[in-house]
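Enquirer: Chains A and B, in that order, give the protein sequences. Mapping the first sequence onto the numbering used here, position 144 (from 1) lands on 144, and the numbers just tick up by one. Mapping the second sequence onto the numbering used here, position 742 (from 1) lands on 742, and the numbers just tick up by one.
Everything labelled a hint here was simulated from the structure, so no lab data went into it. As the structure is a prediction and not an experimental result, all values here were calculated from the model. Note that CB positions come from ideal geometry on N, CA and C, so glycine has one too. Hints are not guaranteed to be accurate.
Interface residues of chain A toward chain B, partial, derived using beta-carbon atoms under 8 Å [said to hold, decoys possible]: (1) Glu2; (2) Phe4; (3) Leu30; (4) Leu31; (5) Gln42; (6) Ile75; (7) Gly82; (8) Pro85; (9) Trp90; (10) Gly99; (11) Tyr100; (12) Leu112; (13) Leu113; (14) Glu123; (15) Ala129.
Derived SDA-like pairs (lysine to any residue); straight-line CA-CA distance at most 20 Å [stated by the list, open to error]: (16) Lys172/B - Val153/B; (17) Lys713/B - Glu125/A; (18) Lys254/B - Pro19/A; (19) Lys641/B - Asp121/A; (20) Lys599/B - Lys641/B; (21) Lys641/B - Glu125/A; (22) Lys712/B - Glu143/A; (23) Lys114/A - Gly82/A; (24) Lys266/B - Ala434/B; (25) Lys295/B - Thr66/A; (26) Lys220/B - Gly82/A; (27) Lys600/B - Thr664/B; (28) Lys295/B - Gly82/A; (29) Lys712/B - Lys114/A; (30) Lys171/B - Ser154/B; (31) Lys11/A - Lys220/B; (32) Lys3/A - Pro259/B; (33) Lys149/B - Lys183/B; (34) Lys468/B - His560/B; (35) Lys713/B - Lys114/A; (36) Lys295/B - Thr62/A.
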Amino acid sequence: MEKFTISVNGKNHEVTADPDMPLLWVLRDLLSMKGTKFGCGQALCGACTVHLDDEAIRSCSTPISTVGSRKVTTIEGLDKEGHHPLQDAWVEHVVPQCGYCQTGQIMTAAALLKKSPNPSDAEIEESMAGNLCRCGTYNRIKEAILTASKTL
Amino acid sequence: MMPNFPFLKNKKAEDKSEVFVPSRRDFLKLSSLATGGFLLGVNFQCAGPKGETITFAPNVFVSITSDNEVTIVAHRSEMGTGIRTSLPQIVADELGADWSKVKIVQAEGDEEKYGNQNTDGSFSVRMFYEPMRKTGATARHMLIAAAAKKWEVSPTECHTENSQVIHSSGKKIDFGDLVAELKDMPLPDPASITLKEFSSYKLIGKDVTIYDARDITTGKAVFGADVDLPGMQVAVVRRSPVIGAKVISFNDAKALAVPGVNRVVKIDGAGIPPGLDKALEGVAVIADNTWAAMKGREALEIEWDLGPNQTYNSAKQLEEMLQSTAKDGKVRRERGNFLTAQRAAGKVLERTYLAPFYAHATIEPPAAIAHYQGDGICEIWAPTQHPQWARQAVATALELDLDKVKMNVTLLGGGFGRKSKPDFVVEAALLSKAAKSPVRVQWTREDDLHFDFFHSHSAQRIKATIDKDGNFTGWNHHTVFPAIGATGSTTELHPSDGELALGCTDFPYDVPNIKIETHESTAHTRIGWLRSVSNIHHAFAIGCMMDEIAEARGIDPVKHALQMLGEDRNLEFKPETDGKYENYGEPIETFPWNTGRMKKVIERVAKEANWDQKLAEGKAVGFAAHKSFLTYVACIVVVEKGSSGKISIPEVFYAVDCGIGVNTDRIRSQFEGGSQFATSLATTSAITFENGIPQQNNFDGYQIIRMPQSPKKIHVHILESMEKPTGVGEPPVPPYIPALCNAMYKLTGERIYQLPFKA
Ligand code: FES
Ligand code: FES
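Next up, chain A with everything else stripped away, as it sits in the complex (with noise of 0.2 Å):
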């Protein structure tokens, strides 16, 4: 067990575990912030996303070792208020069944806006290539994040 101290959302938090542990089950099981959710636990899925500084990144292969001084971004700080343009966007398409996966897709949405405001469709694709749904929402989230791309 070590002692690390992570930026998550602006604020520091010190906490102590195995260097192994994914960043995942930190945020999860250590500092009980919720919105980061387990899917596969191989990088297959991307609902467990979070941005390191403005890389999206699957929390659950991050061990917090690697972490360092890099600012984390959950879903919950993604936006203060909770009304960044995607989440919005999200809601006015309704894009979320289940909603399991969601929290997961918009963090990957959000930084590929950061990277490229106005993405193609064939950008949009490929960049959430790596976010399951098994509910079936691809086609929404796309028009989601095209609608969000126009009001950033």
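Given the coordinates of chain A, work out where chain B with the ligands should sit on it, guided by the hints.
Expert: Chain B with the ligands only, in chain A's frame:
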């Protein structure tokens, strides 16, 4: 023995649904309980001092406070269909509540109080449309009566809107200001309750945004694993690698040496048959957090007696099942004489169809939280489709009375039938008792794919006869698949009547000679039901075969389906199935199989897709129609071969007749999602077994489609209908698969006989 399928609505459930629409007799009988009770009568808590909130709760589903807050109970599980919105939406519309301010709370599992809560079989709206309207209307009548009395006007001069009673003079009063007046008002006679005209509805039949949209997109929504209790530990279980395996011995020394691991507990499994509601044999590692529990599990040393399923190979069984379909089977439906038709035929088509095991693979793996409280009370939080069954299963496993188990229902991160089965909830309860603390049991993806209740693999053989004049004269369908009932009983060797009525014995086409046969097979894993159940493989085989028959007869497949459905009429299956046809648990008189309604969805989809148009080079279309869960669906899929040779699905067209549509946006979303779900079944997903062990461990082995593989545009056309509402969760899946296969044939010239196929 016919297993009782939770996905089929049963009679008892229907009776119970009446519980909360009290008759006068019930009210009188039960009103003495009404003081603190919430059961049937009126629950008033209005003796409090001034300023204290007073609550008016005419029944268990609606309550209104003196602050004018309207709360509606959602008693069915939300797994993505939108039901947590759609049923309260019905109540609110009849009540005249201000929807933007309505609060929805999730009911705990308690069927005595709420009626049927088994969220399965696409029957929530079908079962509760009427009761929910009556619930809202009853409260509206009472509020109007109270306002009318206060104003000394006739109730007929009043209506409700925006959580207010409004008099024709323009006078208005908030619902909340009437709560005190309702104190001594008895529940009205149900016969006196009038429902609104359909045309006056403001929510029913409209696109209504789901209640949880904002919470989901901000990460606040609470799913199965998201409940935190003080002192809670986390358990991860190493389960019997092969169904029926038993632990001979285990060494937990290394597991206990992992920092954070507190305890290792053996779970006694049911063995063979494994059952639908029991925990599997296993060894659980209980730790401070999920990661420690996972590491602890890796360090476990277990010696297993693997039992009879250790030699099971699914490819071998599938081959044997296929061979069996060439023989005579057990006849399950018969019309005319197929053999005679075969002898007289000018042409006999004979085709076989294979489909694999499928896993549900909800993105949320099973997880449940239990708090066994020492005094014989166990409180649970679980993403369960069937809270009452989960409650019962926990009570049985812990040997508690049912009323000692409290079942809180969280949101479900997908269900599709998996989360009907309460095995994981039972695990949490057993482990909380053993650990003497609250416990969350957390399944990994590997656990989920290995210990699912799988959709059965299947082999089918269909022979169709065409006489010398080109008439379609005979249909002989052989189907074989390990039955759901086999999970609970080793003597269930044939598919049940219930499973056959899902797309097989309800073959609707007007063919003079029909013979449907089944063959024996055994289950070597846990079989369950997956979104649309055996309709999946039956519709695949029938939809593809109908396309070949049309081609052989030289008729366009859409025209062929219309022709073979014959005159508009209600079909009867009972006489030809020895009286055993199950109509999704509904009397066929109330929910008939009407060929006219099927023809209408076919005509509509052909029109919307512009079926007769000439397509551009590299494009092709396929068609299929299939009724399931009492809902009529026709589907056209467009496929395209890109310049790189890659095949994509640019467009999908659906036409659906589900009777009255309650939340049209959620109907469309179920079809959009259903076509994506079915694309996975058709093109990417399969579970196979070797040595009794599933060979797919995670989303690399068991693939589901990703955004680039998804159909690009999905058009959903809902037929306007005033027929009784039916479900939409499952019906999108069955016709899509054959429509896609038929389109692929037109594109590539090759027929598809086995799923999944490589797209
Ligand atoms: S849980 Fe991290 S990618 Fe699936
Ligand atoms: S909305 Fe259910 S998994 Fe995406």
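Enquirer: Now tell me, hint by hint, if it's right for this structure.
Expert: Each hint tested on the structure:
1. Glu2: violated, 11 Å
2. Phe4: violated, 14 Å
3. Leu30: At about 7 Å, which falls below the 8 Å cut-off, the nearest Cβ of chain B leaves the hint on Leu30/A intact, so it holds.
4. Leu31: violated, 11 Å
5. Gln42: holds, 5 Å
6. Ile75: At 4 Å from the nearest chain B Cβ, Ile75/A passes the 8 Å test, so the hint holds.
7. Gly82: holds, 4 Å
8. Pro85: violated, 11 Å
9. Trp90: Hint holds; Trp90/A Cβ to chain B Cβ min 4 Å, cut 8 Å.
10. Gly99: This interface hint holds because 4 Å falls under the 8 Å limit.
11. Tyr100: holds, 3 Å
12. Leu112: Violated, because the Cβ-Cβ distance from Leu112/A to chain B comes to roughly 12 Å (cut-off 8 Å).
13. Leu113: violated, 15 Å
14. Glu123: violated, 11 Å
15. Ala129: holds, 5 Å
16. Lys172/B - Val153/B: Holds - the C-alpha atoms of Val153/B and Lys172/B are around 13 Å apart, at most 20 Å.
17. Lys713/B - Glu125/A: holds, 14 Å
18. Lys254/B - Pro19/A: Holds, at about 19 Å.
19. Lys641/B - Asp121/A: Distance of about 18 Å is within 20 Å: holds.
20. Lys599/B - Lys641/B: violated, 31 Å
21. Lys641/B - Glu125/A: Distance ~18 Å between Lys641/B and Glu125/A Cα, so the pair holds.
22. Lys712/B - Glu143/A: holds, 11 Å
23. Lys114/A - Gly82/A: holds, 17 Å
24. Lys266/B - Ala434/B: Answer holds: Lys266/B to Ala434/B is near 10 Å, not above 20 Å.
25. Lys295/B - Thr66/A: holds, 19 Å
26. Lys220/B - Gly82/A: Holds, at about 10 Å.
27. Lys600/B - Thr664/B: holds, 19 Å
28. Lys295/B - Gly82/A: violated, 35 Å
29. Lys712/B - Lys114/A: Violated. Lys712/B to Lys114/A sits at ~25 Å, over the 20 Å cutoff.
30. Lys171/B - Ser154/B: Given that 20 Å is the threshold and the Cα spacing comes to 13 Å, the pair holds.
31. Lys11/A - Lys220/B: holds, 19 Å
32. Lys3/A - Pro259/B: holds, 14 Å
33. Lys149/B - Lys183/B: holds, 13 Å
34. Lys468/B - His560/B: holds, 18 Å
35. Lys713/B - Lys114/A: violated, 26 Å
36. Lys295/B - Thr62/A: holds, 16 Å
When each numbered hint is compared with the structure, violations occur for hints 1, 2, 4, 8, 12, 13, 14, 20, 28, 29, 35.
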